[in-house]
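With chain B fixed as given, assemble chains W, P and A onto it according to the hints.
Read top to bottom, the protein sequences are chains B, W, P and A.
For what it's worth, the working numbering labels the leading residue of the first sequence as 1, then goes sequentially.
For what it's worth, the working numbering labels the leading residue of the second sequence as 1, then goes sequentially.
For what it's worth, the working numbering labels the leading residue of the third sequence as 1, then goes sequentially.
For what it's worth, the working numbering labels the leading residue of the fourth sequence as 1, then goes sequentially.
Calculated directly from the structure, the hints in this document are not laboratory data.
Since this is a predicted model, take the numbers as computed values, not measurements.
Among the hints, a few may not be true.
[As the list claims (entries may be wrong)] Between beta-carbon pairs, the in silico distance windows are:
1. Thr97(P) <-> Phe54(A): 52 to 62 Å
2. Thr58(B) <-> Leu354(W): 37 to 47 Å
3. Ile130(A) <-> Gly163(B): 42 to 52 Å
[Claimed, not checked] These stretches of chain P come out as covered by chain W in the derived footprint (C-beta under 8 Å, 3 or more residues):
4. 27-38
5. 88-102
6. 107-115
7. 121-128
[Stated by the list, open to error] The calculated BS3-like cross-link candidates involving lysine-lysine, where the alpha carbons are at most 25 Å apart (straight line), are:
8. Lys128(A) <-> Lys266(B)
9. Lys362(B) <-> Lys162(B)
10. Lys67(P) <-> Lys92(P)
11. Lys73(B) <-> Lys296(B)
12. Lys144(W) <-> Lys174(A)
13. Lys67(P) <-> Lys3(W)
14. Lys191(B) <-> Lys64(B)
15. Lys85(W) <-> Lys183(W)
16. Lys150(P) <-> Lys2(W)
17. Lys193(P) <-> Lys134(P)
18. Lys65(P) <-> Lys226(P)
19. Lys295(B) <-> Lys191(B)
20. Lys162(B) <-> Lys191(B)
21. Lys2(W) <-> Lys265(W)
22. Lys362(B) <-> Lys191(B)
23. Lys280(A) <-> Lys144(W)
24. Lys117(P) <-> Lys347(W)
25. Lys226(P) <-> Lys193(P)
26. Lys65(P) <-> Lys180(P)
27. Lys362(B) <-> Lys288(B)
28. Lys117(P) <-> Lys144(W)
29. Lys117(P) <-> Lys180(P)
30. Lys92(P) <-> Lys2(W)
31. Lys169(P) <-> Lys347(W)
32. Lys3(W) <-> Lys226(P)
33. Lys374(B) <-> Lys162(B)
Here a beta-carbon is modelled for each residue, glycine too, at the ideal position from N, C-alpha and C.
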Amino acid sequence: MKKVLALALALVMFLPAFALGAAAPVDGEIVLGVFEPQTGENGGGGFQEVLGMRYANTVYPTVKVGDKVYAVKLVEADNKSDKTEAVSAANTLIAAGAKIVLGSYGSGVSIAAGEIFADAQVPAIAASATNPQVTLGNDYYFRVCFLDPFQGTVMANYAIEKGYKKAAVITQLGDDYSSGLGAFFLAAYEKLGGVIVSNEQFQTNQTDFKAILTNVKAAAPDVIFAPSSIATAPLLIKQARELGITAVIAAGDTWENGSIIDNAGKDAEGVVLSTFFDEAEPANDEAKAFIEGFKKYLVANNQPDVIPAVSALGFDAYITALAAIEKAGTLEGPALQQALTQVEVVGVTGAISFDENGDAKKDMAFIKTIQDGKFVFLQLVSVK
Amino acid sequence: MKKEMKWLLSLATLALVVWALTALEGRRNEYNMLYTVLQKGMILAVAAVAMNLLNGFTGLFSLGQAGFMAIGAYVTAILTIPATKLPGVYYISGVSQAILSFRGWTDSLPDWFQTAFPYLALIIGGLVAALFAALIGYPVLRLKSDYLAIATLGFSEIIRAIIASPQLNLITNGSYGLKSIPKLENLLVTFLIAAVCIAFIVLLIRSSYGRAFKAIREDEVAAEAMGINLARHKQYSFVISSFFTAVAGGMLAMYMRSIDSGTFKIGLTYDVLLIIVIGGIGSVTGSVISALLVTAAKEWWLRFFDQPLVIAGWEVPLFRTGFRMVIFSLLLMAVVLFYQRGLLGHKEFTWNVLMPSNWRKWLNKKQAGGKRHA
Amino acid sequence: MPDNILHIENLSMQFGGVLAVSSLNLDVCQDEIVALIGPNGAGKTTVFNMVTGVYVPTNGRITFKGKTIAEGYPESQMKKLYAGDHTGEYSKLISNTPDRITALGIARTFQNIRLFKEMTVFDNVLVATHMHLKANIFSTALGLARAEEKRMREETAYLINLMGLSPQKDELASSLPYGKQRHLEILRALATKPHLLLLDEPAAGMNPQETDELSAFIYRAREALKLTVLLIEHQMNLVMDISDRIYVIDFGKLIAQGNPAQVQDNPDVITAYLGVEEA
Amino acid sequence: MSFSTILQHALTGISLGGAYALIAIGYTMVYGILRLINFAHGDMFMMAGYFMIFAMASMPWPIAIPLVVIATMALGVLMERAAYAPLRSAPRMSIMISAIGVSYLLQNLATYLFTALPRGYPEITLLKHIFQIGELSASLVTFVTPVLAILLVLGLVYLINHSKMGMAMRAVSKDFETARLMGININSVISFTFAIGSALAAVGSILYFTDRMSVTPFSGALPGLKCFVAAVFGGIGSIPGAMVGGFVIGLTETALVALGYSTFSDAFTFILLIVILLFKPTGLFGQKTTEKV
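The following block holds chain B by itself, in its conformation from the complex:
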């Protein structure tokens, strides 16, 4: 009997193939995949990005393809900030019939899933994945934010300007974003004549940074550049202060997240970071409208009414996708991919058009610091 059961179930595996039926959109609905981490170490940031997309979906619920109007449906798949999970998540989205995929927060998962989207000829638009590898050598991956080489240079410039001569770099092993950004900062900083006095790595899920911080302390840097997930950030900051390290702690875009202030408390004061967007300086009317509308949306979803940059990028990724669909006038993957290469959009984070790699041509970054438990705009840096 047991065996019969086994056999039956084994056969069931095949049945869905003939039950599923054709997935072509006839009911005037098209699917956009949301490929974001909603759990795991990047769960927090991922969720903020998703909020931006959901909001965009409420603002622009439909899209014109040729002369037909389709309702846009967002299908979300959680990649758990894990490269292995990312592959299954990507497959789920393709199975769900996504025409274009948005995301992900965290470069590692985007890189991991890139090939899958390319195979299925489903274009993907990353919102805040800043690692070059996401789009490099993958025609189907685009991104609406700036890249780490740029971000690294920005922070290096800032550090030098401020007269920080000695820097320590702390990066997370196995995390493309952290290791990559760290490496780019290091290169730029040394090119600008700075000295890297200490270069430390820690492992994913490591929560005790005393040992590496002790080394950093011994090297006595002026600034510590520690790009990492918002999960590790507060621990790093607090333990650094606990060891009596007084150097300025700087990082990249991921750190613009309230949870850091909540968890690190007063230790977080003076942290410096670069980011994509600042609600104090709307780039254009689209941005103004977005800031107003989205603040309400945040409150409605009982979130703090501070607009995270990644939400803005999520919004931009969504409208870029729509623009591409309208431009292409069809839902065929290759056509959409072509359309994306030429599309030009006025996004809330500035004008968006893609270069040959599929990266948005952006050359502006906002530098912020934490002051009295708030993110405060410091300056606008642009590097040519």
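Structure of chains W, P and A alone, referenced to chain B:
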């Protein structure tokens, strides 16, 4: 049931499967989920059967699977990533000249070689893993059950650390992982490779050596007294199992297209363990069936556990991210505690299943029912 | 003795402070059935374990067909003071793993039956022929050694038939009745083609009728396969019934030897058994 | 590396070692009695972390700590009763799989209930009080951990050598069956063992997490395995051994990270394990047991 009848049934099934697979191939995008489940399931089936050879048939409780899969995956990946893409993959620290020139050479070889090379790479990966197995097997296999388990588990963690270490950036790309790994041509090929691997293991188990393995599982002292050289036979089982585990790892790399050391955490070993426990420790067919079922359930059928479920406006409680895995762990515990033989226990699936007489036998046995263990 | 195939001299085994076997001398000749008896804990099984390579003797030498298969001397392995005598006579440390011993032609059974429970009767015996397999693992797996496999199966079938177990050959070993399990274990030992067979309490826990079957069984085996047998046994009727010579040990020391009649009325033996022994 | 830096590292290592020691004892006791690697022990430790978070949310630490310890003990005993007791007679492999299953379950359960995002660990201001001694700087917990570990071990050793229950435990660990025949209630002894082990794990977790400030569903797994290695290193079944093992591993691990081999900090532990198993399988203080044929 008649022999011819069985042959007929087997052939029919084979034909059906081949047909289904080719049919599926054409319409991949429509049935993407089924496609990926079958592919991944089959790959895990190889790993599961290999683990079963060791744990189920030789009675060596090893938890090194993830480590050997990692070796296989990385060797295969490094050998098959197109030379042109290598610089892009090793974008931070650059790629070792040795690899670059070697790959340049392989890419310059004629087409027939290019088509054969990925499979060759799988085998090479297996051989490398087998070598490692031989090296650590000699000392480690002397250990008793749970010490062996923890030692092999440790080994797989060591492998992972070595792979992720910045010192090896030029070869394994350290913490950045490898991508643009060519994919397995199609489903049929995947099944074919899996079938070959599993077939060999089955033949081995049925051979005199297989019997010796079982003897060791049943009673080491007696086995040794029957003139079976424990050290050598354990070594055989360990090395061969590792070889196929690594092949599975290589296939996994080709299926995922991008890997990093994180892919090969202890969790991966536990996933394979879950499969053989459910399928029945000591049953090959059990492992294969349960590999497909578990993968399907995990990736597909039970996904809805992770999404909030609303029936007629009423939101069902409990349903949110992570629920699926809770269900799975409960399932595992249930099998371990109440159903230790798993799907098939020591037995194998045969067409006799279809004979009512066997059901009756089975029922009677249930009534007699003393619980026995795999 | 001229044609002795097993020769044990001054054999001692010391566990910690306990001298389990103390300078034991013992010989087994071709085609003999020799019994080793004594009260529980007299050290009989320890002797078996030393012969079969499970333990390395603390002192003394074991030769099989003129070849030394085990030799030890106190200094080589124990820090603690050695309580036995004949020290300094031996200086070599020779030991073989059990499988080597079996390969040399000594097979054994166990006091507490050690069958391969989850395997069929046939496979239990068949697996014992594995040691004679020449072909390597790959050619065997790929079925290139069919001839050998066939031969092994024939031998197995022959043995099972000889000992009348064929009706149960496809049952699981664990499902056999107790007596049959004992038979099967002996059968399995025979499949390794031994010259010398060590039986450790083959009749333990058997009723008289089963015991008779057993002695008949042992006889048949010996006749059919030109066996020499050394057995440990408590059931005196069996011992007296089948053995040509008997060694009696107590507290690891040899207290008497000779043919059944001689041993039976040896006063030391009687004292050793009375009060101490329940069998 | 300047002297003060080395000292700072030493401090970190010792306090880490203290926490490890407390967990390792749990392993060594359970193994001593059941001959079972309680794979889930590390996850008990993780659970204790979450208990603390919730306890501290609503009550001051003097009440919270004993509560957490008790809750963890309860969980430990429950686990034993539910997952191990039914398998007393089952083959070794089934029991180990069951142990792995429990660990798998606890991790997934935690992920489900508390999400995989790290939870900030409540601060016990007293323990967090920071000392500045010249170059050195460390919080009180850094000093408390090793001291507490040693005290608890001494207490435990006394308990085992001088109490009735302790004697029973030693009896059971020597020979299961005989102990049962001697009228010792095996199950209660085992439960007691698990209770003690879990209690120590709870204390260990409080010290460990206070030092690290956050808990994730997986923060138990690796420390767990390391502490098992510590137990093996010290000689499985020997409590002082487990403690020594804990400190050794804590210190070496810190040293490795300090020298920039953080990738190998975990791997090293297992290398140590394999080396130990090969050259001195009984560990530092363990005694040999021979299998009867």
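Each hint tested on the structure:
1. Thr97(P) <-> Phe54(A): 52 to 62 Å: For phenylalanine 54(A) against threonine 97(P), whose Cβ atoms are near 57 Å apart, the range 52 to 62 Å holds.
2. Thr58(B) <-> Leu354(W): 37 to 47 Å: Check failed, 56 Å falls outside 37 to 47 Å.
3. Ile130(A) <-> Gly163(B): 42 to 52 Å: Violated: the Cβ-Cβ distance is about 29 Å, outside 42 to 52 Å.
4. 27-38: violated (count 0)
5. 88-102: holds (count 4)
6. 107-115: As far as the region 107-115 of chain P goes, the hint holds, because 5 residues have Cβ atoms under 8 Å from chain W.
7. 121-128: holds (count 4)
8. Lys128(A) <-> Lys266(B): holds, 15 Å
9. Lys362(B) <-> Lys162(B): holds, 24 Å
10. Lys67(P) <-> Lys92(P): Holds - the C-alpha atoms of lysine 92(P) and lysine 67(P) are around 14 Å apart, at most 25 Å.
11. Lys73(B) <-> Lys296(B): Holds, because 22 Å separates the two Cα atoms, which is no more than 25 Å.
12. Lys144(W) <-> Lys174(A): OK: lysine 144(W) and lysine 174(A) at ~18 Å, within 25 Å.
13. Lys67(P) <-> Lys3(W): Roughly 53 Å between the alpha carbons, so the hint for lysine 67(P) and lysine 3(W) is violated.
14. Lys191(B) <-> Lys64(B): Roughly 49 Å separates the two Cα atoms, so the pair is violated.
15. Lys85(W) <-> Lys183(W): holds, 14 Å
16. Lys150(P) <-> Lys2(W): holds, 24 Å
17. Lys193(P) <-> Lys134(P): holds, 15 Å
18. Lys65(P) <-> Lys226(P): It holds: about 15 Å lies between the C-alpha atoms, which stays within 25 Å.
19. Lys295(B) <-> Lys191(B): Measuring from Cα to Cα gives roughly 41 Å; hence the hint is violated.
20. Lys162(B) <-> Lys191(B): holds, 16 Å
21. Lys2(W) <-> Lys265(W): violated, 47 Å
22. Lys362(B) <-> Lys191(B): holds, 22 Å
23. Lys280(A) <-> Lys144(W): holds, 14 Å
24. Lys117(P) <-> Lys347(W): Given pair lysine 117(P), lysine 347(W) holds - Cα atoms ~15 Å apart, limit 25 Å.
25. Lys226(P) <-> Lys193(P): Judged against 25 Å, a Cα distance of about 10 Å means the pair holds.
26. Lys65(P) <-> Lys180(P): At roughly 32 Å apart (the allowed maximum being 25 Å), lysine 180(P) and lysine 65(P) break the hint.
27. Lys362(B) <-> Lys288(B): Given pair lysine 362(B), lysine 288(B) holds - Cα atoms ~19 Å apart, limit 25 Å.
28. Lys117(P) <-> Lys144(W): Holds, at about 20 Å.
29. Lys117(P) <-> Lys180(P): holds, 13 Å
30. Lys92(P) <-> Lys2(W): violated, 63 Å
31. Lys169(P) <-> Lys347(W): holds, 18 Å
32. Lys3(W) <-> Lys226(P): Not OK: lysine 3(W) and lysine 226(P) at ~42 Å, beyond 25 Å, violated.
33. Lys374(B) <-> Lys162(B): holds, 21 Å
This entry does not satisfy hints 2, 3, 4, 13, 14, 19, 21, 26, 30 and 32, going by the numbered hints stated previously.
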